[in-house]
Amino acid sequence: MIRVYLLIFALFITGLAEASFKKVSITINGLTCSMCTYSVERAISQLNFVSNITMNLNTNEAEILFRDGFKPDIMKVVEKVYEAGFSVRETKVLYAFNSDSIPAKGHINHSDNIFYILESVQDTLSGDVWMNILNKKCIPNKEFKKWKSRINALPSDKQEVYYISI
Amino acid sequence: MKRLIYILIFFSPWTYGQELFPNTEPASTIPAGVFGKRYSFQGYNAGNQQRQWHAARLMYGVNSKLTVIGSLIASNHHLREIPPNVTTVIFNHNAVSNSELFPMAFKGGHLYAKYRFLSLDGPNRHLRMAIYGEASKTDALHFEAEPNLMGYNSGLGGGVISTFLYKKLALSTTGGFINPARIQNKTEDIRMRSGNGMLLDISAGYLLFPGKYKSYKDLNINLYGELLNRFYGSADLNINSLYKDPGFFPALQSGRYSEFRGSVQFIIHSNTRLDLSIGIPVYSTYAMKAYPLYALSIQQYLF
Chain A
0 MIRVYLLIFA
10 LFITGLAEAS
20 FKKVSITING
30 LTCSMCTYSV
40 ERAISQLNFV
50 SNITMNLNTN
60 EAEILFRDGF
70 KPDIMKVVEK
80 VYEAGFSVRE
90 TKVLYAFNSD
100 SIPAKGHINH
110 SDNIFYILES
120 VQDTLSGDVW
130 MNILNKKCIP
140 NKEFKKWKSR
150 INALPSDKQE
160 VYYISI
Chain B
0 MKRLIYILIF
10 FSPWTYGQEL
20 FPNTEPASTI
30 PAGVFGKRYS
40 FQGYNAGNQQ
50 RQWHAARLMY
60 GVNSKLTVIG
70 SLIASNHHLR
80 EIPPNVTTVI
90 FNHNAVSNSE
100 LFPMAFKGGH
110 LYAKYRFLSL
120 DGPNRHLRMA
130 IYGEASKTDA
140 LHFEAEPNLM
150 GYNSGLGGGV
160 ISTFLYKKLA
170 LSTTGGFINP
180 ARIQNKTEDI
190 RMRSGNGMLL
200 DISAGYLLFP
210 GKYKSYKDLN
220 INLYGELLNR
230 FYGSADLNIN
240 SLYKDPGFFP
250 ALQSGRYSEF
260 RGSVQFIIHS
270 NTRLDLSIGI
280 PVYSTYAMKA
290 YPLYALSIQQ
300 YLF
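Going down the list, the protein sequences come from chains A and B. Sequential numbering of the first sequence, starting at 0, is according to numbering that gives the first Met the number 0. Sequential numbering of the second sequence, starting at 0, is according to numbering that gives the first Met the number 0.
Be aware that one or more of the hints could be misleading.
Said to hold, decoys possible - Between beta-carbon pairs, the in silico distance windows are: (1) B/LEU301 x A/LYS157: 34 to 44 Å; (2) B/VAL281 x A/THR58: 53 to 63 Å; (3) B/PHE116 x A/LYS75: 21 to 31 Å; (4) A/THR123 x B/ALA112: 52 to 62 Å; (5) B/TYR59 x A/LYS75: 36 to 46 Å; (6) A/ASP127 x B/LEU199: 53 to 63 Å.
Unchecked claim - Where chain A lies over chain B, by a calculated footprint (3+ residues, C-beta under 8 Å): (7) 27-37; (8) 112-120; (9) 204-212; (10) 267-277.
In short, the hints are calculated from the structure, not lab data. All values reported here derive from a predicted model rather than from experimental measurement. Beta carbons are placed, not taken as given, at the ideal position from N, Cα and C, and that holds for glycine.
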């Protein structure tokens with residue numbers, strides 16, 4: 000019986016984590032034709048936590064939705080773009096903070112996801128928030144260099160950390 | 000009005016260059032873990048016979064930077080066995096008066112590996128560079144100075160590819176070398192080696208249609224112009240242990256040529272690629288090359 004409770008509890012916790020990332024929007028650099036775009040889409044669709052991809056063939060922006068019951072890993076999505084032979088210009092996530100009102104600064108541990116807010120125009124985080132991910136490979140190298148010293152000065156976590164500007 | 004349309008096409012933000020060159024390899028690689036297949040055909044009229052060349056190719060993206068390609072080749076470009084009058088046959092090589100009919104036969108295999116070492120991407124532009132190496136094995140009796148690793152000579156090759164793309168224009172150059180192996184037939188006591196070769200190919204591509212994408216189902220029409228420049232040394236021929244001066248054999252003399260390949264490419268459902276090309280001479284030191292050359296290839300990625 001305890002096991003069942005634990006299972007329900009685990010599912011509940013996982014459920015919370017899944018629901019938090021609503022979608023990710025990735026703008027891809029170097030793409031020029033629909034054949035290349037298609038190969039990127041195919042690469043991303045191999046990820047088991049991805050449920051749907053909508054590609055804008057003219058702006059090369061991919062909007063990715065996630066499957067229920069799986070924990071999304073944004074870095075894995077970005078890695079697939081590089082594996083297909085292209086690079087990333089911008090990575091934006093729509094994240095659900097629900098009714099929580101969290102100060103938009105410093106280290107945030109929310110639903111099993113760790114964020115470091117490096118820059119924010121908002122004071123608090125609640126509801127659905129679009130966030131720019133500033134991790135290496137999520138933005139062009141040139142841009143990453145601007146944030147690199149600040150990121151390196153932060154304490155390193157064992158878990159994947161997302162560096163954020165809002 | 001016509002001029003205005005051209006200007007609009009030229010400056011349209013939705014028109015991009017294309018780098019899926021039909022006759023050369025771009026510096027870009029195949030996506031990691033993806034297989035691709037391609038069938039290629041080349042044909043030209045050699046006076047007494049329609050010459051045909053077929054290649055079946057399997058491609059694989061080992062990782063995002065390394066692509067390997069294996070090809071199997073068949074053609075009717077060569078005699079199956081060394082004829083008794085070999086000296087005359089080599090002398091008359093490719094001549095219209097040469098009445099020998101060559102059989103269609105399997106010619107051998109070709110392995111190619113390409114490693115992308117530089118990738119500078121930006122919005123609607125990129126610069127990529129790659130190095131490549133190739134090796135081939137064939138038993139073709141290729142009695143010509145020009146080396147060719149696609150079913151003519153066994154040997155090795157390598158080079159550097161640079162591909163630049165900015166909006167409507169894609170440009171690529173390939174600089175490389177070919178080091179052919181010796182053909183040796185002990186029973187007839189013939190030793191022959193084609194000259195060492197160098198190549199400098201320049202390709203340009205342009206996306207003609209669609210102006211703006213609606214879906215993956217949109218038919219893409221791309222135009223290409225490619226200039227293939229080849230330079231090669233004279234062949235080394237020994238018959239019955241006697242050195243034959245290549246100066247007496249037009250096909251064995253060193254030379255160079257430039258060939259233009261104009262192509263139209265159709266991409267169907269963003270995966271099936273059909274290339275149709277025609278090759279015409281621009282400059283050649285070897286008068287007996289046969290033109291025009293027609294080429295076709297069809298390719299698909301196996302996702």
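Now for the hints, and whether the structure bears them out:
Separated by about 39 Å at the C-beta atoms, B/LEU301 and A/LYS157 satisfy the suggested range of 34 to 44 Å. Judged by the Cβ atoms, the range 53 to 63 Å given for B/VAL281 and A/THR58 is violated: they are separated by roughly 40 Å. About 25 Å separates the C-beta atoms of B/PHE116 and A/LYS75, a value consistent with the hinted range of 21 to 31 Å. The supplied range of 52 to 62 Å is met by A/THR123 and B/ALA112, whose beta-carbon atoms lie about 54 Å from each other.
Taking the beta carbon of each, B/TYR59 and A/LYS75 are about 22 Å apart, not inside 36 to 46 Å as hinted. For the hinted restraint 53 to 63 Å between A/ASP127 and B/LEU199, the CB-CB distance of approximately 56 Å keeps it satisfied. Counting residues of the region 27-37 of chain B whose C-beta sits closer than 8 Å to any C-beta of chain A gives 7, which meets the bar of three, so the coverage hint holds. Residue count for the region 112-120 of chain B with a Cβ under 8 Å from a Cβ of chain A: 3. That meets the three needed, and the coverage hint holds.
Coverage of a stretch by a chain is defined here by at least three residues with a beta carbon nearer than 8 Å to that chain's beta carbons; for the region 204-212 of chain B and chain A the count is 3, and the condition holds. Evaluation of the coverage hint for the region 267-277 of chain B: fulfilled, as 3 residues show C-beta separations to chain A shorter than 8 Å, against a requirement of three.
Comparing the model with each numbered hint stated earlier shows that hints 2 and 5 do not hold.
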